[in-house]
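Trainee: Next come the chains, spelled out residue by residue.
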Amino acid sequence: MDISILWYLVPSILLFACGVYGFITRKNMIAMLISLELMLNSADLNFVIFNRYLFPGSMEGMIFTLFAIAIAAAETAIAIALIINIYRAIGNTNVTDIKEMKF
Amino acid sequence: MDSVGNIILYFVVAIVMVISAYLAVTTTKILRAATYLLFSLICTAVFYFQLGYQFLGAVQIAVYAGGIMVLFVFAIILTHKPNEKSAPLLAHRKFTGIAASVVGAALLLVALFKMPLVKGISLSQAIAYGGPQLTMHDIGTALVGSEKFQYLLPFEAVSVLLLACIIGGVVIARKK
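Order-wise, the sequence lines are chains A and B.
The first sequence: position 39 = 39 (my numbering), numbered continuously.
The second sequence: position 68 = 68 (my numbering), numbered continuously.
Worth double-checking, as some hints may not be accurate.
What the hints assert, rightly or not - Below, a list of computed lysine-lysine pairs in the DSS-like style, where the Cα atoms sit at most 25 angstroms apart: (1) A:Lys27 with B:Lys148; (2) A:Lys27 with B:Lys81; (3) B:Lys29 with B:Lys94; (4) B:Lys114 with A:Lys27; (5) A:Lys99 with A:Lys27; (6) A:Lys27 with B:Lys29; (7) B:Lys94 with A:Lys99; (8) B:Lys81 with A:Lys99; (9) B:Lys85 with A:Lys99; (10) B:Lys114 with B:Lys29; (11) B:Lys29 with B:Lys81.
Stated by the list, open to error - What the simulated footprint calls covered on chain A by chain B, stretch by stretch (three residues with Cβ under 8 angstroms from a Cβ of chain B suffice, anywhere in the stretch; the number is not a length): (12) 8–19; (13) 30–36; (14) 47–58.
These are calculated hints, taken from the structure and not from any lab test.
For clarity, every value in this text was computed on a predicted model and none was experimentally measured.
Glycine included, C-beta positions come from ideal geometry on N, C-alpha and C.
Looking at chain A on its own, in the form it has when it is part of the complex (with noise of 0.2 angstroms):
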């Protein structure tokens, strides 16, 4: 029995799907921000699947999932500092009840 790419690349799909679910479902924010790191995190790992299948040579694709760990890093400390903000102007982190952009 084999590892083949499409072996690493189903859970990748299924990590993405999952994301996809929890972004449309969820009201809270930080809940749909742990969606959005699930549909991130699926997309880094199909960088380095087809890095080590396709090019096994070289490591494009490990070098680009370095920066887009450290670019979502920074991502994720501002929409977790915005919605710090949020909560202080209205109690609570849902978006339906985000109406106005100022307060």
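Using the hints provided, position chain B relative to the given structure of chain A.
Mentor: This is chain B only, laid out in the frame that chain A set:
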């Protein structure tokens, strides 16, 4: 031909990863969702190790499972009461979510199994084709070199981005 140990490891990790991802988006308690996300991220790191990218797996654990999860837990504790449950889902939202994710996953799977380039090599062959293991020296030279396939400019851009992110975070979350 891959070793039996690798195959068992693959199945355990893949199943835990998908189940914890599913639980992360369906559980009603937000702190549990963050914990399930943590399991999912760690399983991804194990995949990186298995694919032969040790440095990337270490970065995934340190930055994602370490840094980002701490941020999530802090944000959750700051903005939620203990044991607070999220409101039940509206029927049409749930329907839209299931439809979008199932249709999307089905399309992706069809495209994947029709793709010609996937009929190929096994993991051990792929790792063997890759030549000797990547060393820290290779990764370091690739990150801060300025020739072809070297990434000095993106590296510096990311450092400026992180600085901007620190300042932005302080400015946004500061008390008026």
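Trainee: Against each hint, give a clear statement of whether it holds in the structure.
Mentor: Hint by hint, here is what the structure shows:
no. : hint                  : verdict
1   : A:Lys27 with B:Lys148 : 45 angstroms, violated
2   : A:Lys27 with B:Lys81  : 16 angstroms, holds
3   : B:Lys29 with B:Lys94  : 17 angstroms, holds
4   : B:Lys114 with A:Lys27 : 36 angstroms, violated
5   : A:Lys99 with A:Lys27  : 14 angstroms, holds
6   : A:Lys27 with B:Lys29  : 13 angstroms, holds
7   : B:Lys94 with A:Lys99  : 22 angstroms, holds
8   : B:Lys81 with A:Lys99  : 23 angstroms, holds
9   : B:Lys85 with A:Lys99  : 23 angstroms, holds
10  : B:Lys114 with B:Lys29 : 39 angstroms, violated
11  : B:Lys29 with B:Lys81  : 11 angstroms, holds
12  : 8–19                  : holds (count 11)
13  : 30–36                 : holds (count 5)
14  : 47–58                 : holds (count 8)
Comparing the model with each numbered hint stated earlier shows that hints 1, 4 and 10 do not hold.
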